[in-house]
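Student: Using the sequences plus the hints, can you model the full thing?
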Amino acid sequence: MQFPSPTVQAAPPRSSSGATQPLLAVRDVYKTYSLKHGQTLRAVDGVSFTVMPGEVLGLVGESGCGKSTLGRCLLRLNDVSAGQIIFDGQDITRLPERILRPLRQQMQMVFQDSYASLNPRRRIGDLLAEPLRVHRTPDGRKHTPMAIAHRLEELMELVSLPRAALERYPHEFSGGQRQRVNIARALVLSPRLVVADEPVSALDVSVQAQIVNLFADLQKSLGLTYVFIAHDLAVVRQISTRVAVMYLGVIVELGETDTVLHNPAHPYTIALTQAVPRPVVGAPRHAPLRGEIPSPVNKPSGCRFHTRCPAVQTRCQNEAPTLTQIAPNHAVACHYPVLKSTHA
Amino acid sequence: MTKPSNTHKPSAGPWASALRSLLRNRAALASVAVLAFIVVASLCAPFYARHIAHTDPFVSNVAGTIMLNGQETDIMQPNDNPLHLGLSPIGPTGHTAYLLGADSQGRDIMARLLYGGRNSLLISFSAAILCLVMAGTVGIAAGFFGGVTDMVLSRLMDIMWAVPVYLFAISLSIVTITSGLRIGPFVIEADNLLIPIVIIALVYVPYAARPVRGRVIALRQAEFVTAAKCLGVPRWRIVLRDILPNVSTTLVVMGPLLMAMALLAESALSFLSIGVQAPAASWGTIILDGEGLIYTRPMVAIAPGLAIVAVVLALNILGDGLRDALDVRDASRRE
Numbered sequence: 001m002q003f004p005s006p007t008v009q010a011a012p013p014r015s016s017s018g019a020t021q022p023l024l025a026v027r028d029v030y031k032t033y034s035l036k037h038g039q040t041l042r043a044v045d046g047v048s049f050t051v052m053p054g055e056v057l058g059l060v061g062e063s064g065c066g067k068s069t070l071g072r073c074l075l076r077l078n079d080v081s082a083g084q085i086i087f088d089g090q091d092i093t094r095l096p097e098r099i100l101r102p103l104r105q106q107m108q109m110v111f112q113d114s115y116a117s118l119n120p121r122r123r124i125g126d127l128l129a130e131p132l133r134v135h136r137t138p139d140g141r142k143h144t145p146m147a148i149a150h151r152l153e154e155l156m157e158l159v160s161l162p163r164a165a166l167e168r169y170p171h172e173f174s175g176g177q178r179q180r181v182n183i184a185r186a187l188v189l190s191p192r193l194v195v196a197d198e199p200v201s202a203l204d205v206s207v208q209a210q211i212v213n214l215f216a217d218l219q220k221s222l223g224l225t226y227v228f229i230a231h232d233l234a235v236v237r238q239i240s241t242r243v244a245v246m247y248l249g250v251i252v253e254l255g256e257t258d259t260v261l262h263n264p265a266h267p268y269t270i271a272l273t274q275a276v277p278r279p280v281v282g283a284p285r286h287a288p289l290r291g292e293i294p295s296p297v298n299k300p301s302g303c304r305f306h307t308r309c310p311a312v313q314t315r316c317q318n319e320a321p322t323l324t325q326i327a328p329n330h331a332v333a334c335h336y337p338v339l340k341s342t343h344a
Numbered sequence: 345m346t347k348p349s350n351t352h353k354p355s356a357g358p359w360a361s362a363l364r365s366l367l368r369n370r371a372a373l374a375s376v377a378v379l380a381f382i383v384v385a386s387l388c389a390p391f392y393a394r395h396i397a398h399t400d401p402f403v404s405n406v407a408g409t410i411m412l413n414g415q416e417t418d419i420m421q422p423n424d425n426p427l428h429l430g431l432s433p434i435g436p437t438g439h440t441a442y443l444l445g446a447d448s449q450g451r452d453i454m455a456r457l458l459y460g461g462r463n464s465l466l467i468s469f470s471a472a473i474l475c476l477v478m479a480g481t482v483g484i485a486a487g488f489f490g491g492v493t494d495m496v497l498s499r500l501m502d503i504m505w506a507v508p509v510y511l512f513a514i515s516l517s518i519v520t521i522t523s524g525l526r527i528g529p530f531v532i533e534a535d536n537l538l539i540p541i542v543i544i545a546l547v548y549v550p551y552a553a554r555p556v557r558g559r560v561i562a563l564r565q566a567e568f569v570t571a572a573k574c575l576g577v578p579r580w581r582i583v584l585r586d587i588l589p590n591v592s593t594t595l596v597v598m599g600p601l602l603m604a605m606a607l608l609a610e611s612a613l614s615f616l617s618i619g620v621q622a623p624a625a626s627w628g629t630i631i632l633d634g635e636g637l638i639y640t641r642p643m644v645a646i647a648p649g650l651a652i653v654a655v656v657l658a659l660n661i662l663g664d665g666l667r668d669a670l671d672v673r674d675a676s677r678r679e
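As given, the protein sequences belong to chains A and B, one line each in that order.
Numbered per my numbering, the first sequence spans residues 1 to 344.
Numbered per my numbering, the second sequence spans residues 345 to 679.
If you are wondering where the hints come from, they were derived from the structure by calculation, not from laboratory data.
Bear in mind that the values here come from a model prediction, so they are computed numbers and not experimental data.
Just so you know, not all the hints are guaranteed correct.
Here are a few chain A residues that face chain B, going by a calculated C-beta distance under 10 angstroms [to be verified]:
{"id": "1", "residue": "Arg-98"}
{"id": "2", "residue": "Leu-127"}
{"id": "3", "residue": "Val-195"}
{"id": "4", "residue": "Ala-216"}
{"id": "5", "residue": "Asp-217"}
Once the Cα atoms are required to be at most 30 angstroms apart in a straight line, the calculated DSS-like pairs of lysine-lysine come out as [stated by the list, open to error]:
{"id": "6", "chain 1": "A", "residue 1": "Lys-220", "chain 2": "A", "residue 2": "Lys-36"}
{"id": "7", "chain 1": "A", "residue 1": "Lys-36", "chain 2": "B", "residue 2": "Lys-573"}
{"id": "8", "chain 1": "A", "residue 1": "Lys-142", "chain 2": "B", "residue 2": "Lys-573"}
{"id": "9", "chain 1": "B", "residue 1": "Lys-573", "chain 2": "A", "residue 2": "Lys-220"}
Covered stretches of chain A, as calculated for chain B (at least 3 residues, CB under 8 angstroms) [said to hold, decoys possible]:
{"id": "10", "segment": "32-38"}
{"id": "11", "segment": "115-126"}
{"id": "12", "segment": "130-137"}
{"id": "13", "segment": "166-178"}
Quick reminder that beta carbons are idealized off the backbone N, C-alpha and C, glycines included.
Tutor: Here it is, written out as structure tokens:
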């Protein structure tokens, strides 16, 4: 096929940043909502982490722990209450939308609800072309209709959908296919960072694997960086290089995927890993966590997890632990972390 | 849920599939036929008056005569009471001339009914469109921008809402009917149809704007709007490309219902002689003409009354049909 020079394909210039500079740095971010009666909901309560280029950070936790709110804060879809979000060395926390808009090309999101995130009254081709119509090429020109059409075909191939899909409406697809469309839309502008907000939790298990594999393939072939949000450790294990475990608005454990999943040090992480069903007959059953996740409006004093912790001590009720390094690349927020020697 | 086949046939858009499901709705089709008949008949009013009824429905004809069955008959006839006191206009003749009889000025009711239909339908249609445009703008602005914009617009709507519609319309009409409307250098004469159109559109704006605002508030939270923001789509473009197409169904469904309400309002104002001004006719003015003849020549008031009922009923059925047809997800389920 002969196409004119694919102006669309050209990604924004990869920055001068060396491999040592994180693509995304989150510093002590808070997101609070004021409720009635003077109460405040602290959805994200002091979170810090960095994501290096090419890395996949898995963000896990129960529903309501603030992981989706955090994900939206990362892309400035929510404004943070305090803290800093630094993208590629640039503080974007307070950038006005007008200045942020060109930067948005480099950071995209895939949403959980594949139906709600696609306008039901617009064809897939129209939806995918929209970002190209509002942004300009790196040399400041408009994308030509030819280049847009070419780019859309490329994307369809990338996410394994037939070209005819471009002519169709979102309701004509299955959940998995729609999520492919969402992924394609997130990739239209050749972003560097993709935040995936529970992209597979609404899908059938068989389809989940396909979509996670697609994410993994795209990450490798396009050199993408992901923040991959999930409540399912099995999903995160497949794709993440590092894992952050969130509980009630804070990160309780952060480390390499293997370390966190096989040698978890926080009692909460241990409970999560044990909650993953094992396909082995006679595999030992573990007592599930007791009780519900406490309300983020009235958080427990001291360590937030002490109300449900199987190893709770008096100190936990009064003093909040901070995220501390217990090994290289492994940090835990617990007064009595379970160390490798005791937890085999 | 149908999965895309491998054919290259583009799928029907939401409007096309809505039209298809509307075409399967017999009640809606029947009402469209009724409306079409009345509109076409009204458009033919000058033709009817000149070539079929041979009459000028805008000139008083109390001394005139017509030929009925070879006999010259007075248009104003002595009453049927024993003493034959007073005169009544001729009743329905069953002939092309004065088919439905005459009014107290000896004018052909059928011809006036058709001319009146032109004005009534034109005013109610234009008022409905104008109202939808204003309500759409107000509702989208209030719903999407929220905050102070929403507060100012919503309070303004509440104030208008607090005044009874007809009282509001009557007050505005009385003010404008004497002096016309002066907007800067433009003067709209008191007998201009624009005056009832603007007044009727204005008084119904709160009724149409509120549901639009509610829909927009829901849409603003929709994930596809967040997705558009995430893609860097400017706000005005989100309004035009993502919000408006989803609100347009609400507006389209409201259209016929608004037109029905506008028709009733126009008839009411004209009946009170503060709408369409004599000698022009509207269904409301003809009912007013028939008021004094209600015991002797009830057809003068009944004919325009029936026309109003037919149109309002048809518009309501059409509105219901549109509401059923325009649910996108429903349409996909039915196929």
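Student: Of all the hints numbered above, which does this structure not satisfy? Sort the numbers upward.
Tutor: 4, 5, 6, 10
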